[in-house]
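Colleague: For reference, the chains in residue letters:
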Amino acid sequence: MPRTPIEIKESLEHLAILNEHGEVDVALEPEISRERLLELYRAMLLGRRFDERMLDLQRQGRIGTFPPIKGQEAAQMGSIVHLKENDWLVPAFRETAAEIWRGRSLESVLLYYNGFNEGTIIPDHQKDLPMAVPVGSQILHATGVGYAAKYRNRGDIVMTYFGDGATSEGDFHEGLNCAAVYQVPVVFICQNNQWAISIPLKQQTRSGTIAQKALAYGMPGIQVDGNDVLAVYAATAEAVERARNGGGPTLIECVTYRVMMHTTADDPKRYRSEEEVEQWRQKCPISRFEGYLRQKGFLDDAGCAEIESAVLDQIQTAIHKAEQQMAGPCDPLEMFDHVFESLPAPIARQKEEVTKYLAKQASAKGQKEGRHG
Amino acid sequence: MAKMTMVQALNLALKQEMTRDDSVLILGEDVGPDGGVFRVTDTLIDEFGPERVIDTPLAEAAIAGMAVGMAVYGLRPVCEIQFSGFAYQNFHQIENHAARMRWRTRGRLTVPMVMRAPYGGGVRALEHHSESREAYWAHTPGLKMVIPSSPRNARALLAAAIRDPDPVIFYEPKALYRAFREEVPEAEELMEIGRSQCIRQGDDLTMIAYGAMIPPTMEAAGQLEQEGIEAEVIDLLTISPLDDSLMIESIKKTGRAVIIHEAPRSFGPGAEIISRLMEGAFYYLEAPLVRVTGYDIVIPYFSREKAYMPDVKRILEAARATLNI
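For the protein sequence lines, the chains are R and E, in the order given.
Residues in the first sequence are numbered consecutively from 78, following the working numbering.
Residues in the second sequence are numbered consecutively from 174, following the working numbering.
Okay, chain R solo, but in the shape it has when bound (with noise of 0.2 Å):
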């Protein structure tokens, strides 16, 4: 018997329709009303400007270690914006911008990234998942929140995030491969930002995209420029379409970058040259944009001044509130609320112990500054 081709039905795309410069394809241009442009350009312009003060706050001692999105704003904002409020957002980590957009305060941002529990209360209003910290994790509750939606029959989608790094756990595997046997409504969103801490890219996988990947598990699946938003949300409108529509789900890669360093723990200096973050910085997706809403003539100098001073001020008055809500009470006894729906004895007496123990401590304080006031 001869060897004969296969035929691999599914072909892939790389899509772009802002060039650096914020020239649009014409023949490509989304249809997007200029108050959603423009809605979509603060919001990324409020993932850059928190991101950069969060890091001053960081170095500053005020916050703990966080890791910076910086340069992903076109890739989290192009794709999230198609997400209903039933609809679910399952996040990595590096998405800020876009729970920031589904509603999570800033101030629950920096609750969480200066170590409040508070930090991980999603809204009741809100049906998203907390971020995930273990890597790719998060990708297997998308296909399963996925398949309940499905079950239940409710119209609503779901949206995961994950960066190329993350493409190479099992998880990920797992994930889309689940998703596509059983067809559930789920758009997977890769931030390629080329790094994971000190591995490049090519170090994760020998695969010419990440896209192709979707193609081994029989679901569409598409690159495009992650730092052009309009490609990014041409794309992902279509995949959202083809999840409420019983399609299945779709796999997008957004090539972008990673700015800055992995964690404000990490020094990128140490793996990752100049001249390449340089380049990257050239291709930012923010000052694309307002180009072409310049050209639009949706954004001139004032509307930019004006989104930019109230983006400023939205973030200042976030600070003030979490720090005066750092600086009030933080009973410690609250680690143990919520371990389980109702606590089992052995836990209550060791929450006893630390009642106790506490108490012991602060009369003994008490007593001290007694002496010495």
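Just so you know, these hints were derived from the structure itself, not from any lab.
From a predicted model like this one, the values you see are computed outputs, not experimental measurements.
The beta-carbon is built from N, C-alpha and C at its ideal position, and this holds for glycine as well.
If a hint is listed, it holds; no wrong ones were tucked in.
Once the Cα atoms are required to be at most 25 Å apart in a straight line, the calculated SDA-like pairs of lysine to any residue come out as:
(1) 428/R x 452/E
(2) 428/R x 309/E
(3) 428/R x 276/E
(4) 437/R x 408/R
(5) 290/R x 246/R
(6) 433/R x 414/E
Which stretches of chain E does chain R cover? Using the computed rule of at least three CB atoms under 8 Å from a CB of chain R, they are:
(7) 235-245
(8) 263-270
(9) 280-293
(10) 412-425
Residues of chain E placed beyond 10 Å of chain R at every Cβ, according to the derived structure:
(11) 193
(12) 194
(13) 207
(14) 208
(15) 212
(16) 216
(17) 437
Starting from the structure of chain R, add chain E where the hints point.
Modeller: Quick look at chain E alone, frame taken from chain R:
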């Protein structure tokens, strides 16, 4: 009432819970037309369909990870892991997510899932099919760890686990799957998770065991009775959170205890049980507390398995030794 094996009793619990609540669904490998390799899910797919009796790809992390997502959505997934020896591939999903979603979100999102898995030795199985690693799960905050010992309590505990608002790891002693039959009421029956049970009363010695170690423990207690020794037997049923109230009351009466489990000795459940007895009844102890356990080695292939597994003789030897002090 019908006399049932543990497999049939577990099937009854699943069937009744799925009938009662359409948010209950099953996912695992070969759970559909095959009915599971031990037939625990036999015929359920005929009644509830493939959307609720989900045959999964061969992927244990997916089974647990998808269950986390389903549970957060509001379903009550019951995962079957074919053998507990393959559950380590989903340990990260259980430890990092199932067990702490409630805690992380301050009660907003919960994971009412069950992970069923057959565990334990004594059935001449292939390697990786005989381990007893309940301590891994019992050591993880946010999990409940349940091990039944008879058809009736297996049914009642599984039903309770499915209704539990928190994740439950449900280890099934596969050596007992078809070892004996017991009357199991057709009508709904639940047992409270987190409660041990005194299944034999006696004043001379306390024996603490669970799962597949209950039959040899009871047999040993029966033989001791012929020697004029009355042993009290406590069946843990829930490994974590550990109910120490009955065992502490018992040892206050007997002053002596033998703890039996097939799990490796070091850092095993027996170590925690002994600590609790020391904390709760130190001044009542008449003799050192004794463990009859598996050893700190890989459970041997089955030609040597017998020497590893605690049995009636080893239990009796330990009991007599502690009684002679």
